[in-house]
Amino acid sequence: MSIYDISVVKADGEAYGLGKYEGRPMLIVNTASQCGLRGQYDELESLHQEYKDGGLVVLGFPSNQFNNQEPGTDAEAEEACRINHGVTFDIHEIIDVNGADAHPLFNHLKSEAKGTLGDKIKWNFTKFLVDKEGNVVRRVAPTTSPLKMKKDIESVL
Numbered sequence: 001m002s003i004y005d006i007s008v009v010k011a012d013g014e015a016y017g018l019g020k021y022e023g024r025p026m027l028i029v030n031t032a033s034q035c036g037l038r039g040q041y042d043e044l045e046s047l048h049q050e051y052k053d054g055g056l057v058v059l060g061f062p063s064n065q066f067n068n069q070e071p072g073t074d075a076e077a078e079e080a081c082r083i084n085h086g087v088t089f090d091i092h093e094i095i096d097v098n099g100a101d102a103h104p105l106f107n108h109l110k111s112e113a114k115g116t117l118g119d120k121i122k123w124n125f126t127k128f129l130v131d132k133e134g135n136v137v138r139r140v141a142p143t144t145s146p147l148k149m150k151k152d153i154e155s156v157l
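Quick note: the sequence shown uses the UniProt record's numbering, first residue 1, plus one each step.
Just so you know, these hints were derived from the structure itself, not from any lab.
It is possible that part of the hints are untrue.
[Claimed, not checked] Lysine to any residue pairs mimicking SDA-like chemistry, simulated, CA-CA at most 25 Å apart:
(1) Lys120 x Asn64
(2) Lys52 x Glu22
(3) Lys148 x His85
(4) Lys122 x Lys148
(5) Lys52 x Ala100
(6) Lys120 x Lys52
(7) Lys132 x Arg24
(8) Lys10 x Glu133
(9) Lys114 x Lys148
(10) Lys52 x Gly99
(11) Lys10 x Lys151
(12) Lys10 x Glu76
(13) Lys52 x Lys151
(14) Lys120 x Val8
(15) Lys120 x Val137
(16) Lys20 x Val8
(17) Lys122 x Lys20
(18) Lys151 x Arg38
(19) Lys122 x Ser7
(20) Lys120 x Met1
(21) Lys20 x Gln49
(22) Lys120 x Ala141
(23) Lys20 x Phe66
(24) Lys150 x His48
(25) Lys52 x Glu79
(26) Lys10 x Val136
(27) Lys20 x Leu37
(28) Lys20 x Val137
(29) Lys122 x Asp152
(30) Lys20 x Ala102
(31) Lys114 x Ala102
(32) Lys151 x Ala75
(33) Lys10 x Phe66
(34) Lys150 x Glu45
(35) Lys122 x Gln65
[What the hints assert, rightly or not] What follows is a set of in silico ranges between Cβ atoms, one per label pair, in the way DEER data are often shown:
(36) Glu22 x Gly86: 25 to 31 Å
(37) Ser145 x Lys52: 24 to 30 Å
(38) Glu76 x Glu133: 24 to 30 Å
(39) Arg138 x Gly19: 20 to 26 Å
(40) Glu133 x Gly13: 27 to 33 Å
For clarity, every value in this text was computed on a predicted model and none was experimentally measured.
From the three backbone atoms N, C-alpha and C, an ideal C-beta is built for every residue, glycine too.
Take these sequences, add in the hints, and give me the full structure.
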């Protein structure tokens with residue numbers, strides 16, 4: 001299965017296939033609006049603004065699996081990102097990233113790029129960089145600033 005075969009749902013309920021981004025690099029992140037790392041929304045938005053004209057797609061996927069840090073609805077999660085951090089990139093429905101109910105996208109990402117905990121997501125704001133061909137080229141730890149990914153992003157543009 002390719003990443004382009006996976007469907008996702010935005011916070012507003014719009015479903016689409018990731019195939020629409022074929023030929024474009026993606027930065028995919030599991031997020032949480034009440035996480036202590038939420039300042040990374042600002043950094044992700046900065047990357048989005050800097051590289052969107054070059055084709056980069058930033059995609060946020062809220063998850064409530066880590067200490068109940070995304071307890072609201074999909075719309076509330078998206079609103080918190082927009083109001084508190086000025087996020088303009090797509091925020092999706094709240095999903096599981098680990099366990100039996102993990103979203104197929106995160107199962108795919110984890111299988112392509114293992115982390116410290118093997119095939120599990122350690123915490124909110126784990127970042128995956130996908131190249132134009134749909135290959136996961138880098139997995140970045142939750143506590144690492146997204147801004148430290150600039151060279152990697154530039155290499156896949």
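Do the hints match the structure? See the list:
1. Lys120 x Asn64: Holds: Lys120 and Asn64 sit about 15 Å apart, inside 25 Å.
2. Lys52 x Glu22: 15 Å, holds
3. Lys148 x His85: 19 Å, holds
4. Lys122 x Lys148: 19 Å, holds
5. Lys52 x Ala100: Answer violated: Lys52 to Ala100 is near 34 Å, above 25 Å.
6. Lys120 x Lys52: Distance ~29 Å between Lys120 and Lys52 Cα, so the pair is violated.
7. Lys132 x Arg24: It holds: about 5 Å lies between the C-alpha atoms, which stays within 25 Å.
8. Lys10 x Glu133: 23 Å, holds
9. Lys114 x Lys148: 19 Å, holds
10. Lys52 x Gly99: 32 Å, violated
11. Lys10 x Lys151: Violated, at roughly 28 Å.
12. Lys10 x Glu76: The given pair, whose Cα atoms are some 13 Å apart, holds under the 25 Å limit.
13. Lys52 x Lys151: 15 Å, holds
14. Lys120 x Val8: Holds, because 20 Å separates the two Cα atoms, which is no more than 25 Å.
15. Lys120 x Val137: 17 Å, holds
16. Lys20 x Val8: Between Lys20 and Val8 the Cα gap is close to 11 Å, so the pair holds against 25 Å.
17. Lys122 x Lys20: 29 Å, violated
18. Lys151 x Arg38: Roughly 22 Å separates the two Cα atoms, so the pair holds.
19. Lys122 x Ser7: 23 Å, holds
20. Lys120 x Met1: Measuring from Cα to Cα gives roughly 19 Å; hence the hint holds.
21. Lys20 x Gln49: 20 Å, holds
22. Lys120 x Ala141: Distance ~12 Å between Lys120 and Ala141 Cα, so the pair holds.
23. Lys20 x Phe66: Violated - the C-alpha atoms of Phe66 and Lys20 are around 30 Å apart, more than 25 Å.
24. Lys150 x His48: Roughly 11 Å between the alpha carbons, so the hint for Lys150 and His48 holds.
25. Lys52 x Glu79: With Cα atoms ~21 Å apart, Lys52 and Glu79 stay inside 25 Å; holds.
26. Lys10 x Val136: 21 Å, holds
27. Lys20 x Leu37: Not OK: Lys20 and Leu37 at ~29 Å, beyond 25 Å, violated.
28. Lys20 x Val137: 19 Å, holds
29. Lys122 x Asp152: 21 Å, holds
30. Lys20 x Ala102: 22 Å, holds
31. Lys114 x Ala102: Holds, because 15 Å separates the two Cα atoms, which is no more than 25 Å.
32. Lys151 x Ala75: The hint is violated at about 33 Å.
33. Lys10 x Phe66: With a Cα-Cα distance of about 21 Å, the restraint between Lys10 and Phe66 holds, given a limit of 25 Å.
34. Lys150 x Glu45: Within the cut-off at roughly 13 Å; holds.
35. Lys122 x Gln65: 10 Å, holds
36. Glu22 x Gly86: 25 to 31 Å: 28 Å, holds
37. Ser145 x Lys52: 24 to 30 Å: Once the Cβ atoms are compared, 19 Å apart, the range 24 to 30 Å for Lys52 and Ser145 is violated.
38. Glu76 x Glu133: 24 to 30 Å: For Glu133 against Glu76, whose Cβ atoms are near 35 Å apart, the range 24 to 30 Å is violated.
39. Arg138 x Gly19: 20 to 26 Å: 22 Å, holds
40. Glu133 x Gly13: 27 to 33 Å: 30 Å, holds
Violated hints, listed in ascending order, are 5, 6, 10, 11, 17, 23, 27, 32, 37, 38; each of the other numbered hints is respected by the structure.
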